[in-house]
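Heads up: the protein sequence lines correspond to chains A and B, in order.
Residue numbering for the first sequence follows my numbering, beginning at 190 and increasing consecutively.
Residue numbering for the second sequence follows my numbering, beginning at 7 and increasing consecutively.
Please note: incorrect hints may appear among the correct ones.
In silico EDC-like cross-links for lysine to aspartate or glutamate, where the CA-CA straight-line distance does not exceed 16 Å [claimed, not checked]:
1) A:K445 - B:D29
2) A:K445 - B:D259
3) A:K442 - B:D33
So these bits of chain B aren't anywhere near chain A, every CB distance computed over 10 Å [as the list claims (entries may be wrong)]:
4) R26
5) N32
6) L46
7) Y89
8) F222
9) M266
10) L291
11) D311
12) N322
13) K327
14) S378
Note that these hints are calculated values from the structure, not bench results.
All residues carry an ideal CB built from backbone N, CA and C; glycine is no exception.
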Amino acid sequence: MKVLMFGWEFPPHISGGLGTACYGLTTGLAKQKVDVLFVLPRLFGDEEKSKNGEHDFRLKNASDVTINFTGTNTEEFWKKISFMEVDSVLIPYMNPQEYYNILSKEFGEKFQRKSYIFSERFEFTGKYGNNLMDEVMRYALVAAKIADSETFDLIHAHDWLTYPAGIAAKEVSGKPLIVHVHATEFDRSGENINQYVYDIERKGMEAADKVITVSSFTKNIVVNRYGIPPEKIEVVHNAVDIGKEKCYDTYKKHVKEKVVTFLGRVTFQKGPDYFVESAYKVLQYDSNVRFVMAGKGDMLYRMIRRVAQLGISTKFHFTGFLEGNEVDELLYISDVYVMPSVSEPFGISPLEAIRSNTPVIISKQSGVAEVLRHAIKVDFWDVDALANYIYGLLHYDALSKMFIKYGKEEVDNLLWDDVARKVNTIYQEILVK
Amino acid sequence: MRAICFYFQVHQPFRLRRYRFFDISNDHHYFDDYANRSILRKVAEKCYLPMNNVLLDLIKEYGANFKVSFSISGTALDQFELYAPDVLKSFQKLANTGSVEFLAETYSHSLSALKDKNEFTRQVTQQAEKINKLFGQKPKTFRNTELIYSDAIGEMVANLGFEQMLTEGAKHILGWRSSNFLYCNAINPKLKLLLKNYQLSDDIAFRFSNQAWSSFPLTTDKYIDWLNNINPKEEVVNLFMDYETFGEHQWADSGIFEFMRHLPGKVLSNTNFKFKTPSEVAAGLQPVSPIHVPFPISWADEERDLTAWLGNELQNDAFEKLYSLSELIKDCDDENLLKDWKYLQTSDHFYYMCTKWFSDGDVHKYFNPYDSPYEAFINFMNILSDFIERLENYSSNKKNVDKPLNKLENKEKKLPLKKVKKTKEPKKVVKAKSTAKKSVVEKKQAVKKVAIKKKLEVKKVAAKKTSTKTNSSSITKSKKKK
Chain A
190 MKVLMFGWEF PPHISGGLGT ACYGLTTGLA KQKVDVLFVL PRLFGDEEKS KNGEHDFRLK
250 NASDVTINFT GTNTEEFWKK ISFMEVDSVL IPYMNPQEYY NILSKEFGEK FQRKSYIFSE
310 RFEFTGKYGN NLMDEVMRYA LVAAKIADSE TFDLIHAHDW LTYPAGIAAK EVSGKPLIVH
370 VHATEFDRSG ENINQYVYDI ERKGMEAADK VITVSSFTKN IVVNRYGIPP EKIEVVHNAV
430 DIGKEKCYDT YKKHVKEKVV TFLGRVTFQK GPDYFVESAY KVLQYDSNVR FVMAGKGDML
490 YRMIRRVAQL GISTKFHFTG FLEGNEVDEL LYISDVYVMP SVSEPFGISP LEAIRSNTPV
550 IISKQSGVAE VLRHAIKVDF WDVDALANYI YGLLHYDALS KMFIKYGKEE VDNLLWDDVA
610 RKVNTIYQEI LVK
Chain B
7 MRAICFYFQV HQPFRLRRYR FFDISNDHHY FDDYANRSIL RKVAEKCYLP MNNVLLDLIK
67 EYGANFKVSF SISGTALDQF ELYAPDVLKS FQKLANTGSV EFLAETYSHS LSALKDKNEF
127 TRQVTQQAEK INKLFGQKPK TFRNTELIYS DAIGEMVANL GFEQMLTEGA KHILGWRSSN
187 FLYCNAINPK LKLLLKNYQL SDDIAFRFSN QAWSSFPLTT DKYIDWLNNI NPKEEVVNLF
247 MDYETFGEHQ WADSGIFEFM RHLPGKVLSN TNFKFKTPSE VAAGLQPVSP IHVPFPISWA
307 DEERDLTAWL GNELQNDAFE KLYSLSELIK DCDDENLLKD WKYLQTSDHF YYMCTKWFSD
367 GDVHKYFNPY DSPYEAFINF MNILSDFIER LENYSSNKKN VDKPLNKLEN KEKKLPLKKV
427 KKTKEPKKVV KAKSTAKKSV VEKKQAVKKV AIKKKLEVKK VAAKKTSTKT NSSSITKSKK
487 KK
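Excised from the complex, chain A in its bound form (with noise of 0.2 Å):
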């Protein structure tokens, strides 16, 4: 079986979950011998190859391909493809990096006018600039084009990004698709959703064949806010890596106090004004405890501001974006990792909390909740709760030490081999129909 996948970042060039994910999924789904052929946006060259060299995932470049056009070809490319509309307004986007807002431009009205006699090449950056809108509809182009030369079975888009190449691969090709929830507009603007992406990420819910979320709390906004019928999703939880075998005892804690982080993207979604709020409040109690901010993101500067204001920074620190080995030595030398999202679709950050050996407080509005038995469960909103556990944990021995040794039992259980095995049931009766 193939499988053209289309995502939009892959390890080590991630700026949040999904490219963990993806990297999971296709190396979980090698092992079924499942034959992958992951399309990104732009290859850096420097991305994890797969384990195992008998089944394999290629990485495809899309910056890589070229495409002719002359004047006639043009219009029976077009022809063979309809594509969505968007409008010409800015988009925000999933990322909070800066952006400007900026005209998007109707592809095909452009290169009907013109005709080229030299094959172009599109560049994509690949990363979340301000042109995101033009990107998206472009590498829908490109996919369009990959659709037409290679040779699959199904075809698997990961998150809105990508939804309209998936769509443009499905008109190309015929094969169904498979549009995968890794997070909604509504997870990531609140109620102040951008019209545009809703819009793109409803259209692609509706040209594809089968639906997957990454858990049931995302499985309901799809069903209540997008208006797809439940036997259309599937819910599949994500796992977590079992991890390279970390030289743990190389990770010294230097600070004598006890470290309480945070660890992820600085934005709305994630909930960091909840942390800093319970933070204040531990520290009115307990002044022996570090707290760690580690991330990047758009609130990240008010949050410095709020730590300043309230006069905590000498025990409230700020790391910036950590990079690989340094995240596991974050988490390693915590004692509590605290997750206060106002929504999130899964979260795979505290799984990797718990498989450092680090107790993890986690936001009752998150997918993995649904997963988790050994972590203790908060609304995000409820400061007061947050301060009260983190206390708790990191004062009752017994307590963490229990989270700690069950909660790892759990985590080790959770593995992308399960999360493929099911998507390639899902593949398999998907083909059947």
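For chain A, the structure is supplied; the task is to place chain B on it using the hints.
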């Protein structure tokens, strides 16, 4: 006969290295030695050495008719000793000409005047001593960090014995008045004030090589004209600027050195101005009035106030946290801690946390080694956290160990006050592992018990207030009562 008073600021901070959360409690080295050395050498080659030579030549040529003044911060002096002894020699040569006055300032170019009087006094005294040691002059003139001044600060400076002080001729405190007169402090009129003529100073210091400037290029002739156009009744023109103007801010190829070479000659021959040091200016003129500065001013940015260093949440928090340690510092005599404490107070660290982003922001950004004020803040706070921990450890160790020993040295002075604590101390020392000290402590105990008996009646009240849970103290006290 009117005066031109040149004053040049020489300052280099001890810059902080990148210090991360993972370094806290792990690495106690805060300063970027490599950057500090390379930057100092660069500035020395481009500015200090060549400009000092220009000045030496001018003094040789015009003798007592050409005078200038400097203030060199303690941190700059420390760095000269570490990385650029040739620069130090060059300044000493200037001192020896007799035409150069050296001013006093806070040792680490700090904002302590705004917060901690004792720290301020200590730093100023230290600085003045260093100047005396290196240049053989006891400073009579003072300038505060970045010319920060207020009535209260002026009063503090006057009480330290200084006769005159430099500050900015800021519009909002001068109003209709001109900076070209001598003024005095509003609280203590004995302190004379020289106010910077920012127009003429900044023409040289900022606008000299700005091609968009209406008066570009600035020639000595133009400048002489402006000087001659000043109202003849006005008595002094104070030209205060950063010494790095010459070679660093204004590059050599802008012609700044040539300008300065020719200026004194033209001034002396074509105007009725003479060059004077701040002391000479103050001695030769009468203050025309006191000047009221209720809120601190400075020479920084358009606002000429404190917002370059204080005002946003980051700066305020860092500042408060830093100076909240003064209590602990008072009892500290560890050299390294005291040195770090001094260097962490340098105003530059707060400057980098400034969030003003307009035209002044460009100046800030140019000199800012950090990508953003938030990074500056985080870096500083990480270092401060580590410093706080070291200081607290030091203090608690000191309490446990030193007090019994201290009494041995200062029996007459400290015995009465510490009597009650003595009865506690033995127990603490015993718990704290060192048994060797027991015998010493016991002997002292015996000595103290005698003394205690004599003075118990007087100290009863004090004893009751400071008594602790330890049984022995209450038992001994009750015994004595009987």
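Status of the hints after comparison with the structure:
{"no.": "1", "hint": "A:K445 - B:D29", "result": "12 Å, holds"}
{"no.": "2", "hint": "A:K445 - B:D259", "result": "54 Å, violated"}
{"no.": "3", "hint": "A:K442 - B:D33", "result": "12 Å, holds"}
{"no.": "4", "hint": "R26", "result": "6 Å, violated"}
{"no.": "5", "hint": "N32", "result": "4 Å, violated"}
{"no.": "6", "hint": "L46", "result": "29 Å, holds"}
{"no.": "7", "hint": "Y89", "result": "30 Å, holds"}
{"no.": "8", "hint": "F222", "result": "35 Å, holds"}
{"no.": "9", "hint": "M266", "result": "43 Å, holds"}
{"no.": "10", "hint": "L291", "result": "46 Å, holds"}
{"no.": "11", "hint": "D311", "result": "20 Å, holds"}
{"no.": "12", "hint": "N322", "result": "7 Å, violated"}
{"no.": "13", "hint": "K327", "result": "6 Å, violated"}
{"no.": "14", "hint": "S378", "result": "8 Å, violated"}
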